[in-house]
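As you go down the protein sequences, you meet chains R and B in turn. So the first sequence is numbered by the working numbering: it starts at 1478 and just counts up by one. So the second sequence is numbered by the working numbering: it starts at 3 and just counts up by one.
Just so you know, the hints here were simulated from the structure itself, not pulled from any lab data. Hints may contain errors.
[What the hints assert, rightly or not] Below 20 Å or equal to it, Euclidean Cα-Cα: the simulated EDC-like pairs (lysine to aspartate or glutamate) are:
| no. | chain 1 | residue 1 | chain 2 | residue 2 |
| --- | --- | --- | --- | --- |
| 1 | R | Lys1506 | R | Asp1494 |
| 2 | R | Lys1615 | B | Glu153 |
| 3 | R | Lys1506 | B | Asp222 |
| 4 | B | Lys285 | B | Asp76 |
| 5 | R | Lys1548 | R | Glu1760 |
| 6 | R | Lys1615 | B | Glu339 |
| 7 | B | Lys127 | B | Glu153 |
| 8 | R | Lys1615 | R | Glu1603 |
| 9 | R | Lys1615 | B | Asp222 |
[To be verified] Rough simulated footprint, nothing fancy, chain B against chain R, three-plus residues with beta-carbon under 8 Å:
| no. | stretch |
| --- | --- |
| 10 | 1522 to 1534 |
| 11 | 1585 to 1596 |
| 12 | 1603 to 1616 |
| 13 | 1625 to 1637 |
Note that CB positions come from ideal geometry on N, CA and C, so glycine has one too.
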Amino acid sequence: MLTDETLDSPPAPLEDDPFAQVDFPGLEKSLRRPRTLMNALLSGLVALMTAVALAPLLSVVIMLAWRGGKKLSLSVLTHLPPAPLEAGGGFGNAILGTAVMVGLATLAVVPFGVLIGVFLAEAPLENRLAQAVRFAAKVLTGFPSILAGVFAYGAVVLATGGFSALAGAVALSVLMIPTVVLTSEDAIRMVPARMREAALGMGATHTQTVFMVLLPTALPGILTGVMLAVARACGETAPLVFTALFSNYWITSGGRFDLMQPTASLAVLIYNFAGMPFANQVELAWAAALVLVLLVLAANLTGQALSRRQRQQS
Amino acid sequence: MSDTATLAAPAAAAIARPPSRAQRISDRAFLAFCRGFAGLSLLLAAFIIFKIALTAAPAVREEGLHFLTSRTWDPNQGAYGILPEIWGTLYTSLLALIVGGAFGIAAAIFLAEGYLAAGVFAALKAFSLAYKPLWRDLPDRVEDLLRNLIELLAAIPSVVYGLWGLFVIIPLIRPACNWTHARLGWIPFFGTTLSGPGVLPAVLVLSIMILPTVTALSRDALVAVPAKLRMAAYGMGATRWETITAVILPTAARGLFGALVLAFGRALGETMALAMLVGNSNKISLSLFSPANTLAALLANNFPEAGPHEVRVLMYAALVLLGITLLVNVVGALILERATAGLRGAR
Chain R
1478 MLTDETLDSP PAPLEDDPFA QVDFPGLEKS LRRPRTLMNA LLSGLVALMT AVALAPLLSV
1538 VIMLAWRGGK KLSLSVLTHL PPAPLEAGGG FGNAILGTAV MVGLATLAVV PFGVLIGVFL
1598 AEAPLENRLA QAVRFAAKVL TGFPSILAGV FAYGAVVLAT GGFSALAGAV ALSVLMIPTV
1658 VLTSEDAIRM VPARMREAAL GMGATHTQTV FMVLLPTALP GILTGVMLAV ARACGETAPL
1718 VFTALFSNYW ITSGGRFDLM QPTASLAVLI YNFAGMPFAN QVELAWAAAL VLVLLVLAAN
1778 LTGQALSRRQ RQQS
Chain B
3 MSDTATLAAP AAAAIARPPS RAQRISDRAF LAFCRGFAGL SLLLAAFIIF KIALTAAPAV
63 REEGLHFLTS RTWDPNQGAY GILPEIWGTL YTSLLALIVG GAFGIAAAIF LAEGYLAAGV
123 FAALKAFSLA YKPLWRDLPD RVEDLLRNLI ELLAAIPSVV YGLWGLFVII PLIRPACNWT
183 HARLGWIPFF GTTLSGPGVL PAVLVLSIMI LPTVTALSRD ALVAVPAKLR MAAYGMGATR
243 WETITAVILP TAARGLFGAL VLAFGRALGE TMALAMLVGN SNKISLSLFS PANTLAALLA
303 NNFPEAGPHE VRVLMYAALV LLGITLLVNV VGALILERAT AGLRGAR
């Protein structure tokens, strides 16, 4: 493959000039040579494929802005879903439902996940339990979200006898735990060793080191993980389809939150309305998709901004 | 570092004396508490699997292995079989892996080789701005932007892709598909017309959804190849692509393979986009244009209205899906772990 073209020409008699045998024009980079041509072609191909891979993103964004933006208004954000063939309406209850379920799941997962992260970061690398937990968390990040729904169905819906916001929150928290655990571990490991050693050297106990040095320093990183988990949970549909189901009404009953009744969420609303043959519902699905993507993006960008802050710090 | 300064004062006051007995005990308790939580998380993982298996157990006893090989799904007659769903799950995931894998690895090479940064740098140099303070960072910034854009593909919820596929992809590809069927209908892959939802739209959207996974993990694998291998290849006169194909890709092969396996796992478990796009029909067909069904879509569509017996049968189907994805994910995670361990030796 690497034969030099100068070898093809008969060797000239040796003269004083040591470079006489070198075919200088033959060493020039030229697209007419198969090797260089191949190189340029493959580079072009890879660039083209990357551009093609990004085309769907562009298309999704344009469609969301166009079809969703057309319908989006304040009243859409505060009204209840319309009945078939009814004009107007909105998805206020779905926004509230998503917020309640994701909020509940976050409250349940964060203390749990961060403490496990502390354990993983503090345990020696060869600790069996830590290795097992880390591996389980890694496998669980690829856990199909629908199976979290199946689990919550078996554990909550069948046990309590009905679809509920609580079951939805349980399903979402199963999906959030691995992200929170793994990112908190990373964030705590990124705390410079000298800070931990300084605290321990001053005679601090492990508990004091964790709460006064490690957690405050790792906070932006931990929050990044939490925001990523929240972003993912907001967009999840599969675990909610048959745990929280859907509802055309507000989650409150008699002026209080009722967590034990079927609850609407943005994602399930999009799924239900997208398949309906009514134009109004389809338009609402697009508007809800726009709101959902904006929510998810906001959570993602917050997370990224926080992680940038941590990187600058350390 | 400003944070540490503000935190130092109370922290120093609290730890500037030896720990009291109570503190030593609570310290032990806290460490035990953390370990307990970690153990609990393992128990939770086991409980999830156990719970699904337990709820499915009656159906497993009743239906047996016949469930896996039978082709009808009819709750009215109590006839249940998931062979079409197993076929549909594997078929769509495999096709999506081919498309998404090819584009994903191409994007990973594009990112890992720094083409974009080099291009921006060359453009800046043409205007002799390349070393000006304001512009110096631009190549890196553009490169980061591209990487974030590809990761953004993963941030878009699956149900939004489903909506997009329904209203953009299907109308877009339908004329081309039906034209292909009319001309090349004798090839099994084009054996039917596309009358709306079907395998091809599902595969296209699925491959977009797994692409960020492939790209992120493969880029990690490519970047982890020791620079001296690349330099040695360049030094021997290899072109950039001779280096990529002969040195870098083989060295990163295990990491790339792990990335593909994990992406395959994602594709197998992906639900909503498929439930909206695949057509939900119990057919086994090679045709790309025929409607089909997948295990996850079957669960999503049938669970909300299922009666007690159908719920148990669906749990059995969930158990099958769990088995397949768990196997694929564990294999992928192990491969990636060994890939990083292997490269550590090469460095």
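Here is how each hint holds up against the structure:
1. R/Lys1506 <-> R/Asp1494: Not satisfied, since the Cα-Cα distance of roughly 24 Å exceeds 20 Å.
2. R/Lys1615 <-> B/Glu153: 19 Å, holds
3. R/Lys1506 <-> B/Asp222: 31 Å, violated
4. B/Lys285 <-> B/Asp76: 14 Å, holds
5. R/Lys1548 <-> R/Glu1760: Measuring from Cα to Cα gives roughly 7 Å; hence the hint holds.
6. R/Lys1615 <-> B/Glu339: 11 Å, holds
7. B/Lys127 <-> B/Glu153: Not OK: B/Lys127 and B/Glu153 at ~29 Å, beyond 20 Å, violated.
8. R/Lys1615 <-> R/Glu1603: With Cα atoms ~17 Å apart, R/Lys1615 and R/Glu1603 stay inside 20 Å; holds.
9. R/Lys1615 <-> B/Asp222: At roughly 16 Å apart (the allowed maximum being 20 Å), B/Asp222 and R/Lys1615 satisfy the hint.
10. 1522 to 1534: Answer holds; 10 residues pass the 8 Å Cβ test.
11. 1585 to 1596: holds (count 5)
12. 1603 to 1616: holds (count 9)
13. 1625 to 1637: With 8 residues close enough to chain B, the hint holds.
In summary, the structure is inconsistent with hints 1, 3 and 7 from the numbered list given earlier, while agreeing with the others.
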